[in-house]
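A.B. asks: Starting from the known structure of chain A, fit chains B, C and D onto it as the hints suggest.
First to last, the sequence lines map onto chains A, B, C and D. Note that the first sequence covers residues 1 to 435 in this note's numbering. Note that the second sequence covers residues 1 to 435 in this note's numbering. Note that the third sequence covers residues 1 to 435 in this note's numbering. Note that the fourth sequence covers residues 1 to 435 in this note's numbering.
Warning: the hint list may mix true and false statements.
[To be verified] A few chain A positions that, by computed beta-carbon distances, are all more than 12 Å from chain B:
| no. | residue |
| --- | --- |
| 1 | 138 |
| 2 | 139 |
| 3 | 187 |
| 4 | 228 |
| 5 | 243 |
| 6 | 252 |
| 7 | 324 |
| 8 | 328 |
| 9 | 334 |
| 10 | 353 |
| 11 | 354 |
| 12 | 356 |
| 13 | 419 |
[What the hints assert, rightly or not] Partner residues are not named here, just some residues of chain B that face chain A (Cβ under 10 Å, in silico):
| no. | residue |
| --- | --- |
| 14 | 10 |
| 15 | 11 |
| 16 | 15 |
| 17 | 186 |
| 18 | 286 |
| 19 | 303 |
| 20 | 307 |
| 21 | 311 |
| 22 | 360 |
Think of the hints as simulated: they come from the structure by calculation, not from any bench. Since we're looking at a predicted model, the values are computed, not measured. We treat Cβ as the ideally placed atom computed from N, Cα and C, and that holds for glycine.
4 protein chains.
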Amino acid sequence: MITTLPNPTDTRPDTAIYERRESVVRSYARSIPRQFGRAENVWMFDSQGGRYLDFLSGCSTLNYGHNHPVLKQALLDYISADGIAHGLDLHTDAKAAFLDTFERLILAPRGLDYRAMFTGPTGTNAVEAAIKLARKVTGRELVIAFTNGFHGMTLGALACTGNAAKRSGAGVPLPHVAHEPYDGYHGDGVDTAALLERRLSDPSSGLDAPAAFLVETVQGEGGLNAASPDWLRRIADIAKRHGALMIVDDIQAGCGRAGGFFSFETMGFTPDIVTLAKSLSGMGLPFALTLFRPELDQWSPGEHNGTFRGNNHAFVTATAALRHFWSDDGFEQHVLQGSRLLKARLETIARSHGLSVRGRGMMHGIDAGSGEVASAVTAACFTRGLIIETSGARDEVVKILAPLVIDEAQLMAGLDIVEASFSEVLTAAYGVAAE
Amino acid sequence: MITTLPNPTDTRPDTAIYERRESVVRSYARSIPRQFGRAENVWMFDSQGGRYLDFLSGCSTLNYGHNHPVLKQALLDYISADGIAHGLDLHTDAKAAFLDTFERLILAPRGLDYRAMFTGPTGTNAVEAAIKLARKVTGRELVIAFTNGFHGMTLGALACTGNAAKRSGAGVPLPHVAHEPYDGYHGDGVDTAALLERRLSDPSSGLDAPAAFLVETVQGEGGLNAASPDWLRRIADIAKRHGALMIVDDIQAGCGRAGGFFSFETMGFTPDIVTLAKSLSGMGLPFALTLFRPELDQWSPGEHNGTFRGNNHAFVTATAALRHFWSDDGFEQHVLQGSRLLKARLETIARSHGLSVRGRGMMHGIDAGSGEVASAVTAACFTRGLIIETSGARDEVVKILAPLVIDEAQLMAGLDIVEASFSEVLTAAYGVAAE
Amino acid sequence: MITTLPNPTDTRPDTAIYERRESVVRSYARSIPRQFGRAENVWMFDSQGGRYLDFLSGCSTLNYGHNHPVLKQALLDYISADGIAHGLDLHTDAKAAFLDTFERLILAPRGLDYRAMFTGPTGTNAVEAAIKLARKVTGRELVIAFTNGFHGMTLGALACTGNAAKRSGAGVPLPHVAHEPYDGYHGDGVDTAALLERRLSDPSSGLDAPAAFLVETVQGEGGLNAASPDWLRRIADIAKRHGALMIVDDIQAGCGRAGGFFSFETMGFTPDIVTLAKSLSGMGLPFALTLFRPELDQWSPGEHNGTFRGNNHAFVTATAALRHFWSDDGFEQHVLQGSRLLKARLETIARSHGLSVRGRGMMHGIDAGSGEVASAVTAACFTRGLIIETSGARDEVVKILAPLVIDEAQLMAGLDIVEASFSEVLTAAYGVAAE
Amino acid sequence: MITTLPNPTDTRPDTAIYERRESVVRSYARSIPRQFGRAENVWMFDSQGGRYLDFLSGCSTLNYGHNHPVLKQALLDYISADGIAHGLDLHTDAKAAFLDTFERLILAPRGLDYRAMFTGPTGTNAVEAAIKLARKVTGRELVIAFTNGFHGMTLGALACTGNAAKRSGAGVPLPHVAHEPYDGYHGDGVDTAALLERRLSDPSSGLDAPAAFLVETVQGEGGLNAASPDWLRRIADIAKRHGALMIVDDIQAGCGRAGGFFSFETMGFTPDIVTLAKSLSGMGLPFALTLFRPELDQWSPGEHNGTFRGNNHAFVTATAALRHFWSDDGFEQHVLQGSRLLKARLETIARSHGLSVRGRGMMHGIDAGSGEVASAVTAACFTRGLIIETSGARDEVVKILAPLVIDEAQLMAGLDIVEASFSEVLTAAYGVAAE
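One chain only, chain A, in its complex shape (with noise of 0.2 Å):
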């Protein structure tokens, strides 16, 4: 029976395993020293019995929240009848389900036309074949990424992100990407997409004609910075008229996170390519797509291939996922509900501090000024049973990110943890009592 509360325990696993065998590279582990073993909605559960609410939901991809229901069953359908697990990039029920559902729930309604292109079944790949196919299409090589972007570790997508330490583990240069300020970047004085609009126009500006415009609508692990629409629609104007193609990165805002199925569905443009992948298959499963238009499907055969582009268990449960939260807009409205509830109380929180609040969708967080200031709310909030990140070039924000399903209590009692952490440790830091 799941309650409304954490209810965390206090005891660190035992290691010795992990110290032993895996990589030092392992990073979530260290500021969440439990080791887990069921998970189920907005919930997970450690090796002690304790009970953790996931405002975390593997970084947007857990939308619909661990194990749903649904999914599941599918799931367990699905392999008990032998489903074909790996099939390369073979034609298969399963993927025929995906594509059909998709066309139907997805792409008809909001009148888009993309071919769909099954990539290796992370996130970097989705990017990698995107902008190799902007490259090849324009026969250009320079991507314009912006300033906090974050695209994937991988070569040709690590060249895009803005991160210098994750740079700087390439160990060699990052050429044919130049990252430009994004909205808002320099103040509000200073419009982003005019100073790009002119380099571009200046044969003498040393910025070479891009293959493509890289966006993320919400940049997720940037600090949550939401571009306007009007910024994004002249991004994708200023694109078309430089013949370059506007590729957004709709990894972590798509599938509900930022509002609609895609994070630019009512913003008045239509990207020439999308990448997805995080809560594509609904359930955790590794999956992911790029998305472009048909005129621009000019790969050869296998021209970019991967042992698990098809990946049938995620083509299940994605296919589940349409059909029970996409078929019509009640999962849209629950969504836009938290969104607003989740705003205004995190407003409330920032503004009793002098903070702000950055976000859009259900992907808001609290700056919090500092790294330092938002690690320490986020631990406070773990040793309350909340399992809570931090966002932005410096770690400063604290990010939510809870599962989308969530209800409006378990979602207040979340945010009641975050009120506390930060009351305990603006409190503890000032030496002023936040209430």
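C.D. replies: This is chains B, C and D only, laid out in the frame that chain A set:
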């Protein structure tokens, strides 16, 4: 009831949905034009009731066959109990069990001391992590890969891949990699390890000091070229003397395909870094690992990460596979016996047409002399119910990648088809009856 | 006897030999279709007896005019005495005299402590040496250059050049350089130094830590944009705080053209590295220098070399030029007076057409609004006997680069031609008499 | 009055000014610690009255000796008459005369149809232009250079240079070039042209389709390795069949050094592009040329330019040199005779020490076995009044680059010194008298 013989249909599926919505980048569906639904052991079943013997095995991803009952049951149990599906890199029971089992059954008996890095669940991601680490640890940029090597499609791994068509898909240059001649590349008279040593020892050769050598012991995509243990030992020795790391990409040849769990086990050298993927999960689920000596584990937390780097379903099936197949040497003996039968039979077939056999272990094929002949042979096989593909720089090798669990009768049934198909094609081509 | 007025011919030379044997890459000969034989002071003489006033001065290579008698005599004496012409980087009397004189007349009076590196005798080579050294000393790769910058045509320098047509000639990507907005690039409302500071201070901006800033104080090829001393001081300060070196490319603006011997002399900052070429030899002989603070002199012997790095003829004329022109402040005063006259006269001309003046010192021009108008003006000048060229991203600036030794009557005679040509062109274009 | 014997001083010059003001990058001045003032024919004179025989010749820049009276007089006349010194790429009498003479005396008699591109006056700039053009014309990026090749120090040319110490000075990667084994690199048993052909013909070798092959017929800096005409013809043929251009870098071996005016003249193939510099001006003045077939002349005007691309003083001396030395075959016969004497004498010296001779024409040397021995030999030569240097990957070759105008007595006097120095060093080293 599974019998020994395939029973193909000749009905092409309705492909309208693929034409409308799937990118033309798809490839295998072109030469294997059926829609599949179910698969078990060595068999795949199409939607019209046809049964096919699988000599492709997901390009060596299904070494234990499709939906092996032990793995399947473990996964069903795990999902039914709401086991965590997606957990980023958090500690989980499933991960701990995998690491324990991998240490106990794989590393310890072989005297190997490696740390495991769970990369994004694709082979290309494991390769990217391997070369990033090698560059970081050595402070050098150049990776020496080999002619006909195949290592993946994201930009870092693609740079290490030899195939010109794949490479040109990048749309940008692929620097920091030199492709040196593989064992036997220049024929018997030329010692390619000596050529490499000569250039590395010459301060004016223009070949910069390498961070790593990246090598497959058998080149799966490159035409089933098998390097000799002596050559590999010498390459490992050259690497060591020149301050470079030796990376074995065991993604296709590992997990029993070429012999032991690792393809290099009995060869007298220990790689610094090893990449695994494909059959690692045992059931075709996306999963990849990069292994390295503990001294090389110099990553910062999260320096290389990825959303799906902890695929817990794959941990579960991988653990079950290790326990079922690698607790004693029974499976290895079975593979060894199958390899003998395979090689002997292929040599008989090849000899009768004046052709030659390539490969090692359960990774053998016949060099058909040209891509045209080879693809005619695989097409002829398909009409007889055998799923099989080609390999090599010009797709000139008919490649047998049967599930390792295949029994002798099934193997022989498949090889009967291979034999008949060679005869049919070469008779048709040259007007000479093969029998 | 030289008079004040040009006396052009209208006879085109026989160009058959050029058509047959010279590459079509030639450019100036197209807009200045004469064959020249002799030149003296501000005058060039064609083979048909025509006399032309030179407002191009070899793109600022002939600041002291053609064949200045003092320099000429020094060179004749040297050659007659069998002075060493070519000596690699051996010590020679001529080199010692140059270094002594440069130290005494240029460095010491200005309080500058630089070492001189004699690079290959081209400006592009001096720039290549400068950025090599900056990369070596800092261990970083990125060079920050600026919009509309021009630094040369070999690959390292070309990467720092903004012009798209020049860049595309490379045939390969030009990485490791970011082109940031120059002073005033985004108009009065945008402080481009602040934009740069913001991105360099942000660990997630995607702008990597730079080895150097490479800047011209006045952009000779880029349209005579003159940076303010304040902006340059701030760039120097940003460089220092971010661990980057400040390189001033003084190839076109140095040697008196923009004011003092160095264009940055009175601006309140000291570059870490300075490049010189063009007018350095004084007589148009190939000669280039890279100067840097002694602490940066971390080269290995011969690490950057070149056959002609010791052009002793150039040492001789450069030494004579330094002694003749830079022993006291007479020449600087002459240049200052010329600059005032030039600027005032150009502003009068520009104002009468609603145009604007750009530049600094004896490096001014009129922005004609378009490349078409500007080239029509320079063509009209040429028919009147004035050799003059355009500059700028779209060749929209009529650029005056008169020899610095020009007297007032000659300068005014040339500017009369400029004025008449503007009137002719703009009258023709717009049907309005300029007078 | 010039005699046959050197007369060195043993006084080191005052180097205070160099210590204070010249970069430590200087190199030759270290092993040749004198200050020179005057030079004539084969002799250099230091400031203390010493006389040195020059077996370095500015690294083959002074093939006609120092200050040849005919060239010197032509230059004095030109300067005295106020001949244009610097003219960008304007038509001048001096350029027309050079082109006419080059066409008449060099191209026409050899049946060569080339266009001349006057690049910046350094060898590296001529190489940069050559590879830019090859990349532009072919639309490919890769240049195939060779082990031990030396082509210059700006980034494009440096990427083609094999020497690791020079390469590391770049501070950035040097991509788009593969260094393949030169003729004989792997010993007599390995046909390096066949190795190259094999990899270029293999679509999976990882060696991309090349824009050009860049080769020296004799590697001046790389150790005087001389390619056989047969190997060069085959490389030219491989280039043609693979759509690549054949570039001969004749900067050091051309202008008579290796035999004819071009080093490849009698070898049975015609390069697509040729670079010249060093001895082209005849008097050591900076001058470089890139020659190519007219069909390749696809430059846009000014696409590759440079301030000093029209060094008219060099046109004058180059024209005088062509007329004086290349109007008939007398000079070639003289060089041929000198080459015979040189080779025979070196073989005698080498044989007596169990060493071997390398090179071709007036470009021969003795492989001393190690850099230590070779530099000891050149140091011993210097104390006897002979200026001579080493070459090779480890500086192991004592290199004779005497002026081509040297007479037999002078040549033998120098070789006497070489012989004595070898004996002294090898006797000292091994305790064995050489005689």
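A.B. asks: Taking the hints in turn, state whether each one holds.
C.D. replies: Checked hints:
no. : hint : in the structure
1   : 138  : violated (9 Å)
2   : 139  : violated (8 Å)
3   : 187  : holds (30 Å)
4   : 228  : holds (27 Å)
5   : 243  : holds (15 Å)
6   : 252  : violated (9 Å)
7   : 324  : holds (16 Å)
8   : 328  : holds (22 Å)
9   : 334  : holds (22 Å)
10  : 353  : holds (28 Å)
11  : 354  : holds (30 Å)
12  : 356  : holds (26 Å)
13  : 419  : holds (25 Å)
14  : 10   : violated (15 Å)
15  : 11   : violated (12 Å)
16  : 15   : holds (7 Å)
17  : 186  : violated (28 Å)
18  : 286  : holds (4 Å)
19  : 303  : holds (4 Å)
20  : 307  : holds (6 Å)
21  : 311  : holds (6 Å)
22  : 360  : violated (20 Å)
Comparing the model with each earlier hint shows violations of hints 1, 2, 6, 14, 15, 17, 22; every other hint is respected.
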